[in-house]
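If you're matching positions, the sequence shown starts at 88 in this note's numbering and goes up one per residue.
Honestly, I wouldn't trust all of these hints.
If you anchor each label on the Cβ, the simulated ranges turn out as follows [as the list claims (entries may be wrong)]:
| hint | residue 1 | residue 2 | range |
| --- | --- | --- | --- |
| 1 | 290 | 110 | 29 to 39 angstroms |
| 2 | 92 | 377 | 46 to 56 angstroms |
| 3 | 265 | 110 | 20 to 30 angstroms |
| 4 | 238 | 396 | 20 to 30 angstroms |
Quick caveat, the hints were computed from the structure, so don't treat them as lab data.
For glycine and all other residues, C-beta sits at the position ideal for the given N, C-alpha and C.
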Amino acid sequence: MAAILRNRTDGRWEQVVAPAAVDSLVFSWILYGVEGCILTVTNFPIVFAVFFYSKLRQQKEFVIVGALALADGIAGFGFLLAAIGRILLVQAGEGFILITRWQCLLSPWVILWAWCQPLTALMLTVVSLDRLIAVSFPLRYYTYTNRYAFALVGCAYGYVFIPFFIAAYRSYQVVVPDVPAYCLTFHGFTAADYVYFQNFLLAGTSSSVILYIPVLIKLKFAMDSNHAIDNSVKFKRLKRATITLGISTFFTFIFYIVPMAFITFKVFKDLTVFYLMLNLNAMVNIFIYFTRFKEIRAGLKSLVMCRRNLNSEAIRNVTNKSRVIPVSQVRVSSIHPRVTAGTNGWTQEEI
Numbered sequence: 088m089a090a091i092l093r094n095r096t097d098g099r100w101e102q103v104v105a106p107a108a109v110d111s112l113v114f115s116w117i118l119y120g121v122e123g124c125i126l127t128v129t130n131f132p133i134v135f136a137v138f139f140y141s142k143l144r145q146q147k148e149f150v151i152v153g154a155l156a157l158a159d160g161i162a163g164f165g166f167l168l169a170a171i172g173r174i175l176l177v178q179a180g181e182g183f184i185l186i187t188r189w190q191c192l193l194s195p196w197v198i199l200w201a202w203c204q205p206l207t208a209l210m211l212t213v214v215s216l217d218r219l220i221a222v223s224f225p226l227r228y229y230t231y232t233n234r235y236a237f238a239l240v241g242c243a244y245g246y247v248f249i250p251f252f253i254a255a256y257r258s259y260q261v262v263v264p265d266v267p268a269y270c271l272t273f274h275g276f277t278a279a280d281y282v283y284f285q286n287f288l289l290a291g292t293s294s295s296v297i298l299y300i301p302v303l304i305k306l307k308f309a310m311d312s313n314h315a316i317d318n319s320v321k322f323k324r325l326k327r328a329t330i331t332l333g334i335s336t337f338f339t340f341i342f343y344i345v346p347m348a349f350i351t352f353k354v355f356k357d358l359t360v361f362y363l364m365l366n367l368n369a370m371v372n373i374f375i376y377f378t379r380f381k382e383i384r385a386g387l388k389s390l391v392m393c394r395r396n397l398n399s400e401a402i403r404n405v406t407n408k409s410r411v412i413p414v415s416q417v418r419v420s421s422i423h424p425r426v427t428a429g430t431n432g433w434t435q436e437e438i
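I would like the entire structure built from these sequences, with the hints used as guidance.
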């Protein structure tokens, strides 16, 4: 049903909204703000730990996890800004004034969401893609430096600017004020661009789950068929990271794909609960990272205690303890007196 409008004395048009409806909106904004605050204060410490401590930054998995946490943290900060900004607009009597979609897109929270929500979906796919490469080509994967991870992250962060600028240009061309000033995400987009926005979120998160199916199959096959691989320290670390991120992917399906499907297809009239569920995925991810990655815990502890260097004792058993290399790359000589040939083309050298 079309909203009832009235012409204000200042010449602007405003939606007429019942007090009960306003109270309901404000309550939902407060809930979003609480979620945003939680996302902000839990994700950014992980980002700071990963990118401040070189021992974490040198590990490919943590570079990618840190980049995902950054996207989630920015999205959470957007929710916090939205809650504060919308409530202030309503209290000032400006919340339901009609503005253009371009003006809405310029709202701080809409700018953040329009960029980082697709980024979050794409980073979930990057996580799964990285794991697929890791379990499919483990020997080659071990040779990759953190530049590989930064390249993947850079491509994801760079790509989302393209549809954002296209949507911004199209929004700029709409000069008719037809959306309320409190600005939901879709108020900043044209109808066609918002359809792309929603489909991209659903496709990105779905792809991350679908890609993880062959990841787990390949990991199980590698564990069953080659005990030399399974006993290597680096493979144990790869296996632990893959299983951890697999658990995260499962909760992505529960807390993101399912509610996003309800939202996309508008199964119910009131979708507030499903919008709130979308943020649970990022919250669960933080809990998983903290409980499963001892390196992350060590980094956060060092960060809280303001240590300049990460406690090497906390992670010495999981970082650079041994390396696994193919036999084809080994030349037995006095230079490599401690390298021994292993089965199935693997060798292990303690360093």
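Subject >> Indices of hints not satisfied (ascending) >> reply: As far as the earlier hints go, not one is violated by this structure.
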